[in-house]
Every structure is written in C-alpha cells, then in structure tokens.
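Visitor: Single-letter residue listing:
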Amino acid sequence: MEIEFDKEIDALLKKAGKSGAPAASVFDSHLDADEISMFAENAAPEAARTRMIGHFADCDRCRTILTNVIALKSESPAATESALPVAEEIVDEGSGRFVGWLSPRNLAFGFGALALMFSAFIGIGLIRNMSSGETQLAQADEKEISQPATRAMDSAANANSAEPAAGDTDSENANAEALAMDSDITSEPPLELAKNEAVTGKDVARRQPAASEGFSGSRADIGRLRDSKIEREEQAPSGEAADAAVLTDAAPVAKASAPAPPAPKTDSLTMRAGVEKKKEDDEVRLAANKAAATAESPAGEPSGSKRQISGKTFNRRNGVWYDSAYRSQPTTTVRRGTPEYRSLDSGVRTIAEQLSGTVVVLWKTKAYKIQ
Amino acid sequence: MSSIASKLKPTIDEAVARLISRAGNSRGLKVSDIALRVTASVEKYLLRDLPEAGHAEVIEFIDSLRADDLCLIIACENGNEEAWGDIVLNFDSSVKSAAYKFAKNKEDAEDLASSIWAELHGLKTDEAGNTKGKLSYYSGKGSLAGWLRAVTNQLAIDQFRKMKRLVQTEDDREFEILAQDSAGKNDGHTVVTATANPEEIYDTAEAESDIVSALHEAIEALEAEDRLLMKLYYFDGLKLKDIAATFGFHEATASRKLVRVQSAIRSSVESRLKELHGWNEAEINRHLAETAESLGVNLEQMFKALITVFFVQEIIRSAVL
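For the protein sequence lines, the chains are B and U, in the order given.
Going by numbering that gives the first Met the number 0, 140 is the number at position 141 of the first sequence; the sequence numbering is gapless.
Going by numbering that gives the first Met the number 0, 97 is the number at position 98 of the second sequence; the sequence numbering is gapless.
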C-alpha cells in the first residue's frame with residue numbers, strides 16, 4: 000500500500016533510526032517475556048497496555064524483543080499457536096479437505112461439468128435418433144419404391160404385350176390408369192402427362208427385360224433399374240429423351256411416392272414412415288415438375304446456360320447442370336437431404352446448393368449426380 | 000495475596016473452575032492447582048493498574064486466559080513428564096525458529112534452543128521438590144508460543160551481550176576507525192553543495208546538527224503510542240501490517256497515524272528551528288531538503304564501510320576458530 004509520506008521527514012527519521020535512537024531512558028526494570036508476548040498479541044488489559052506502551056516507547060531493549068517476537072509471530076503458521084496442535088491439526092486437515100471439496104467454487108464447477116455431460120448425452124441421442132429415423136425413412140422409401148415400381152413394370156409389361164399402335168394406346172391407357180391412382184397429381188395437365196407417359200411407357204418398355212428377369216422390387220433391383228436409367232441418360236442426354244429420363248425418374252418416383260392404397264401387410268412403422276415420406280415426396284414431385292417445366296419452357300435457366308461455381312464451369316443441358324470436366328464417367332446418384340448427401344465433401348454440397356435441379360459434377364476423379 | 004484479591008477469591012475460584020472446564024486437556028489439575036497462579040496474574044495485570052476493578056473485570060480477565068496453555072505449563076511445573084513431553088514436542092519448533100534469528104548456523108541455533116529449554120525447566124527446586132524455572136512467569140494471557148519466543152529472545156540477547164562484551168570490543172573500535180576515515184575523506188562535501196567554500200561547509204554541518212537535535216526533541220515530545228509506532232516502523236523496520244495487528248487496528252489506520260506523526264514531527268521541528276535559530280520558512284525548507292539529501296549520500300558511504308567491516312570480522316573469526 001503506497002502512502003504519501005513527507006519525504007524529507009521520512010529520510011531524516013530513517014537516518015535517526017540507523018544512527019541510533021536518542022539516548023534511551025535508563026530503566027531499572029524491564030518488561031518480562033509474559034508482558035512482551037501478550038502486548039505483541041494485543042492481549043494485554045487496557046490499563047496494563049498503556050503502561051507497556053510508555054515503556055516500549057523509550058526502552059530499546061524491550062522494544063527490540065517486542066520487534067523480534069512480532070516478526071517471528073508473522074512468520075510462524077497459526078497451527079503452532081496452541082497447546083494442542085497435534086489433534087487439532089489432524090481434525091483440521093480432514094475437515095478442511097472435505098470443506099474444500101464442498102466449497103461453492105468446486106460445487107459450481109461440478110454442476111457445470113454435469114450439465115455439460117448431460118447436454119452432450121442428449122445431443123448424441125438426438126443425433127442418433129435423427130440418423131436412425133432417416134435410415135428407416137430411406138428403407139421405407141425403398142420399400143415403397145419397389146412396390147409401385149413393380150406396378151409400373153407390370154403396367155409396362157401389359158403395355159408392351161399389345162400391338163405397337165394399340166400398345167401405345169394401351170400403354171397410354173395403362174399409364175393413365177396408373178396415374179389416375181395418384182390422387183395427388185392435380186396440377187399437371189393429364190393429357191400432356193399422358194403424352195409424356197407414352198414416351199415413358201416406351202422407355203419403360205425398353206426396360207422390360209428387367210421385369211421379365213424377375214423384378215421383385217428389392218433394393219438390388221431398384222439399383223439396377225436406376226443404373227440402367229443412368230446409362231440411358233448418359234448415352235442420349237438430349238432433348239426429349241433426357242426430359243423423358245427426368246420424367247422417368249420423376250414419374251416412377253412420383254408414382255412411388257404417391258399415396259398408394261395401404262398394403263394389407265404394412266406395419267405401423269412403415270405406415271408412419273410412409274406418411275412422412277409422403278410429405279417429402281410431395282416436395283420432390285413438385286420440384287421435379289418444376290424442373291420438367293423449366294426444361295420444357297426456358298422460363299428459368301434455359302439450356303445452354305453457363306455458371307461458374309468454385310472454379311468449375313457448369314453447362315445446362317436439358318434441365319441438368321453438367322460439369323464441363325465430366326466425360327460420361329459412371330456417376331453416383333445422391334439425393335439432397337439424405338445422409339449420403341451430407342457425407343459428401345463440402346465442395347460438392349456447395350455446388351449442389353448453388354445450382355437448382357439435377358447437377359452432375361466431377362469431384363476428385365469421382366462423378367456425382369446430385370438430385 | 001493482597002486484600003483486594005482476597006475479597007475477589009470466590010470470584011476467582013469460580014472463574015478458575017470454568018477455565019478448567021474450558022480446557023481441552025486439563026491435565027488432571029484442580030482449582031487449587033491453578034488459582035494461585037491466576038490470582039497472581041490478576042494482581043499483576045489488572046489490579047496493579049486498575050485497583051478499583053470489580054468482579055466483572057476479574058471474570059472477564061480470567062475468561063480471556065488460555066486454558067490449555069496454562070494447564071500445560073502448570074502441569075510441567077508440577078513435574079508431569081507427559082506434559083513436558085508435549086510441550087517440547089509441540090513448541091520446540093517455535094523455540095528453534097526464535098533461536099535461528101540469533102544463531103549463525105543450525106548447530107548454534109540448536110544449542111541455543113537446548114539452553115533455553117534448560118532455563119525453562121530450571122535447575123532449582125522448591126520445598127515440594129518441584130523445579131522452578133521461568134515457566135512460573137507465564138500468566139496464560141498471551142499464547143504459550145509467543146511467550147516462548149519472547150523468552151528465547153530475552154535469553155539470546157543476554158547471551159549475545161555477554162559475548163559482545165568479552166569478544167567484540169576490538170572489532171567495534173575498528174569499525175569506528177573505518178567510519179571516521181570515511182567521514183574524514185568525505186571532507187564534509189555533499190551532493191548539494193559541491194563547492195569548497197569553508198563557510199558554506201560549516202554552515203551546512205551546523206544546519207544538519209540543528210535539524211537532527213530538533214528532530215530528536217520532536218520525537219521525544221510525541222505521545223507514547225505515536226512515538227512507539229514511529230520507532231517500530233523507522234527504527235525497528237516492522238511492516239505496517241504487523242504494527243497494526245499489534246496495536247489492534249487496521250493497516251490503513253496505522254498508515255494514517257504514521258502520516259499524522261510525520262506531520263507532527265515536521266511542525267515541531269519547524270517551530271523549534273524558528274524559535275531557537277530564527278530561521279524563516281524558506282531557510283527551513285532549504286536546510287531540511289539539504290540535510291535529508293546529504294544524509295542519504297553519507298548513509299551510502301557508511302553502508303559500504305559496514306560491509307567491509309563485516310567481511311573483515313568474518314575473516315578474523317574464521318582465522319581464530
């Protein structure tokens with residue numbers, strides 16, 4: 000603590016202290032150790048204290064002893080100040096240790112750590128639930144895809160079995176019937192869709208071997224179906240075929256996502272997943288229809304448009320953005336919003352988020368088709 | 000026992016009984032074992048300075064005594080070996096730490112501590128066969144550890160002074176010679192007045208002497224508590240924190256008191272210089288500043304001389320021993 004001293008008087012007094020105090024009074028008797036020690040501890044009775052102060056003020060010897068006692072007292076720990084230090088120290092150490100554990104500060108840290116751990120457990124649980132829910136939804140989605148796909152293949156097979164002209168008509172009718180089952184498709188003009196479905200029917204008919212080979216709606220079959228579709232797209236990614244491919248993608252998906260009559264053997268989990276999936280597929284269908292509309296009428300990005308994103312150039316052809324570096328390599332289809340999409344490199348996702356619709360991007364020697 | 004104390008005997012006995020019950024370990028002592036010691040303390044510290052003290056003051060005094068420490072000491076006086084073992088076990092560190100202050104090495108400190116324990120135990124015995132040592136002077140008002148430190152200091156200072164009278168006379172003389180040589184070589188020149196004018200040198204020396212004597216008189220004129228406070232701080236080098244604890248007030252209070260003491264000293268010095276030497280205020284301020292600064296320079300030279308003397312002493316002792 001800084002004190003504003005009178006520097007001159009301070010220097011003079013220090014010198015006086017070093018050179019020796021003025022000739023101290025000669026005392027016949029001095030204070031004994033008991034008086035000095037009790038004064039040092041401020042334990043002297045008031046009346047005796049006044050007397051002792053008078054003596055200390057003028058007796059160098061007693062004041063020197065007092066100074067030494069005060070200095071030693073300040074240096075020594077408090078535990079040595081009692082006649083019963085051993086037992087008290089043991090008790091103090093134990094209680095002090097426990098008191099230390101239960102101090103407010105330690106309690107605060109403990110509760111904070113518990114709160115963090117609890118939050119972490121909750122967060123992990125939520126993340127796991129979300130992942131498992133999406134997995135279940137994806138599984139339910141694939142199951143539902145397999146059932147309508149089976150119906151689509153059946154209808155295509157029926158359409159294919161007829162005479163060409165009649166087959167077309169029949170395929171139109173079949174597809175129209177299938178479409179009629181989709182009560183949610185209300186925005187598209189049925190005639191145009193039917194027309195496209197005619198094309199779709201031909202395309203589907205070309206896929207007849209898949210059905211004839213025993214298409215059972217399993218995941219493997221769905222994968223083969225998609226791969227064959229992708230191959231066709233890659234081979235003829237132009238005009239109406241591409242549009243048809245899109246529609247082919249969209250329509251079966253739309254049909255697959257259509258709220259089909261509840262299967263008799265569907266369990267509660269699948270029903271719940273189906274309801275959730277219905278909502279998601281509605282959005283996808285609308286997006287697909289929008290993409291199709293965009294491809295047909297260049298109200299949005301017209302074909303031939305170019306975009307530069309992340310140092311890559313993308314060309315729009317038939318409603319699909321193609322990476323200029325793409326050379327018809329096999330692609331991996333990933334849908335936005337799926338766990339697989341989220342596991343993609345951030346660069347791919349950035350591109351997919353900046354471009355609407357289907358995007359074919361070459362990323363680190365691997366080609367992705369983001370839908 | 001004085002007549003006053005005899006009137007207070009029932010009160011004292013009752014308070015002593017309460018003291019024994021307060022003790023964590025009363026060592027098997029009874030009221031009759033302790034009452035005499037407590038009565039002597041009451042006479043010494045209460046009735047001597049406050050003869051009109053009543054029952055309440057006596058009870059308050061006895062209730063403030065350290066029960067365990069007092070029982071331990073009285074048990075030691077009664078020859079209780081277990082009590083002696085406890086006191087040495089628990090308080091040997093306090094005695095040794097006090098001894099280290101005076102001893103140059105660990106061996107000397109332990110020797111001093113051993114001699115102190117012997118003094119405490121005492122070589123004399125009374126009619127009852129109990130040893131009479133310095134333990135009988137402990138009243139129980141302060142802590143036993145503090146009392147042991149004070150006893151150690153007293154005995155160490157007494158021993159040191161005996162040794163000093165026998166051994167160190169020549170060294171002191173040598174110190175004086177060196178100090179005089181240092182002062183002589185300085186020729187009275189100071190940092191402030193660097194001229195060789197003899198009149199100025201004489202005036203400066205006279206002014207310093209006048210100021211120092213006025214300072215001493217001002218110190219003597221202080222109240223006892225202020226004087227003690229000032230001496231503990233400036234002469235004995237105690238910290239304000241420790242001084243405040245001794246007096247029983249806050250450190251900030253101690254600092255304010257010290258500043259007030261400085262102001263009182265300055266006022267007293269100025270008035271004395273004006274009265275005795277006819278100095279005006281400008282002369283007073285100038286001479287005070289010059290004296291304070293010159294004393295600082297001289298102190299540095301004195302300090303160098305002191306270090307030289309210290310090394311010379313060590314060399315001589317090592318050669319002799």
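Don't take each hint at face value.
[To be verified] In silico BS3-like links for lysine-lysine, alpha-carbon gap of 25 Å or less:
no.	chain 1	residue 1	chain 2	residue 2
1	B	LYS6	U	LYS133
2	B	LYS13	U	LYS240
3	B	LYS6	U	LYS238
Hints are computed from structural coordinates only; laboratory data are not their basis.
Visitor: The structure should be examined with respect to each hint, and the outcome stated for every one.
Guide: To see whether the hints hold, each was checked on the structure:
{"no.": "1", "hint": "B:LYS6 to U:LYS133", "in the structure": "violated (45 Å)"}
{"no.": "2", "hint": "B:LYS13 to U:LYS240", "in the structure": "holds (19 Å)"}
{"no.": "3", "hint": "B:LYS6 to U:LYS238", "in the structure": "holds (18 Å)"}
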